[in-house]
Amino acid sequence: MSAQSLITNHQLPITKKIAHYWSLTKPLQSGLLLATGLAGYMSARCPIFNMGTILGLAASLFLAIAGSTVLNMWWDRDIDAKMRRTQKRPTSSGQVSEREVLRLGLVLSILGVGWAVAMGALYGLIVFAGLFFDVVVYSMWLKRRTAWSIVWGGISGAMPILAGRALGLGHIDWIGLILALGVLFWIPTHTLTFSMKFEKDYADACVPTFPSTYGLGVTRATIAISSVLAALAMVLAGYGIGMAWGFLRLLGVLSAGLLMLAVAITFKPSERVNFGLFKYASIYMLAAMILVVIEVI
Amino acid sequence: MPGFGITTMKMSPLDRVLLLLTGILAAYQIAVGMDGFSTFPILAYTISFGVLLIAGLLLIIWGFDVLDSPMVVIVSTIIPLSLSMGLAWQHLASFRTSYLVFAIVGFLAVTLTRSIPTPDKIQTIVLTLVHGIAGMTIFLLPILLALQGKTQPAFALVGVGGALIGIGGLLLSFLKAGKPILSRETIFKALPGLLLLMTICFVAGFKFG
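Sequence lines, in order, name chains A and B. When we follow this note's numbering, the leftmost residue of the first sequence carries the number 845, and every step to the right adds one. When we follow this note's numbering, the leftmost residue of the second sequence carries the number 2, and every step to the right adds one.
Among these hints, one or two may not hold up.
DSS-like, lysine-lysine: derived pairs with alpha carbons at most 30 Å apart [unchecked claim]:
#, chain 1, residue 1, chain 2, residue 2
1, B, Lys11, A, Lys870
2, A, Lys1112, A, Lys1044
3, A, Lys1112, A, Lys860
4, A, Lys932, B, Lys11
5, B, Lys190, A, Lys1123
6, A, Lys1041, A, Lys1123
7, A, Lys1123, B, Lys11
8, B, Lys11, A, Lys1041
Everything labelled a hint here was simulated from the structure, so no lab data went into it. The structure presented is a predicted model; accordingly, all values stated were derived computationally and were not measured.
Given only the sequences and the hints, what does the whole structure look like? Please build it.
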């Protein structure tokens, strides 16, 4: 980091600094994963108006997810600086010092996992596993080595919903695993679409991706298959938690939209369809989580 | 704009809100608005409101450009056909089979005339016939049933929704057929509001009728 950027960093007003910290947590992505955790908890039909537990779950999960995101950004700052999409991030642009980012990530992670462990050993273990898979296995170990690293990123992303359900039930059941699979299969629609859209960026940063390793055709087919599997898993999980027939019907309709786009991306690929599937998949997952929550309420 | 030689029309935040509300209402109808119906009408209404829901979401995601897709004619046919099929099944017991045949043949006819090279005149006749019959069924049947006292008066709202969907469907279909009744910009400007109003009429008609 240059002396100039260090000086600039020290001179930053506190509000600006907090804004940088906030952006480091990727609030939208963290928020969506938090929503899956809350939905997982509520899917267990536990007393959902237990505000203490709900707040504890929300806070511990958000801290852990945000912490792992910040640690990832700290580890990947050199890659981010090479990619046009990410080079304006506070970590790669020098707006926040490396040491500061590392401290922030560690503090958030320790607080999140510590709080989770205090709430329940199993819950804490799953939250820790999510953080470990994301930071150590995905980012530190595999991301620069193999395109398959996204599987571990996906497993990590599936942990909040499993953790939430495990906290509600006190144990892991098949529905929790299916819900986690739903999220796991949903994640490639995001990551692979990004890797197609920003293929050159990833190539510049020497990060192996599905498009660079296996080509666009295989990548699109993978997105299509994982979308189908995500939809199947969510419907099966909905059935498993005893979702009312009308809600299942609605979930089926939303899944049909996902399948339709998966077919379109396979047989009539275009950037517009890619983008459509990417956006629709986010809406789908959010809608599925809302359905789980409304159903229980 | 591909196929029209006109520049892209941007979707405003208000348009997106209107479409989102349309989607939420359609979702509500699918999830809880059909309680007590028998299997076939549920299937038919699920198709119509499901297509409406997904079409609304895709419109939000892709903007009005998606309306340039050749699929629009087919999609804008599914909604009135399946909705009218559900109504006919529920309220015109003696016409169930014949209406089912009409719905299937009508859908295939629209799809085929859009998929293989067909003279414009035949495309237009098929489209007008299918939309006309389906639209009139949705428009007239609920109003007649309400007037005859066979349903609650509010069921007539489904007929009002039918009129609106008929207008929307015809505007879009003729636009796609290259014979626009109104300008492209006017249609796109009115579409989100029209879709929401139509869905409100359907949902309220089914709930209170």
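Cross-check of the supplied hints:
With a C-alpha separation of about 28 Å, the suggested pair Lys11/B and Lys870/A falls inside the 30 Å cut-off, and the hint holds. Using a Cα cut-off of 30 Å, the hinted pair Lys1112/A and Lys1044/A holds, with the two alpha carbons roughly 22 Å apart. Restraint check for Lys1112/A and Lys860/A: the C-alpha separation of about 45 Å exceeds 30 Å, so the hint is violated. This hinted pair checks out: Lys932/A and Lys11/B have alpha carbons roughly 28 Å apart, not beyond 30 Å.
This hinted pair checks out: Lys190/B and Lys1123/A have alpha carbons roughly 23 Å apart, not beyond 30 Å. For the proposed pair Lys1041/A and Lys1123/A, the alpha carbon gap of about 13 Å is at most 30 Å, so the pair holds. As the CA atoms of Lys1123/A and Lys11/B are separated by approximately 18 Å, the hinted pair is consistent with the 30 Å bound. Proposed proximity of Lys11/B and Lys1041/A is supported: the alpha carbons are some 23 Å apart, at most 30 Å.
When the structure is compared with the earlier hints, a violation turns up for hint 3 alone.
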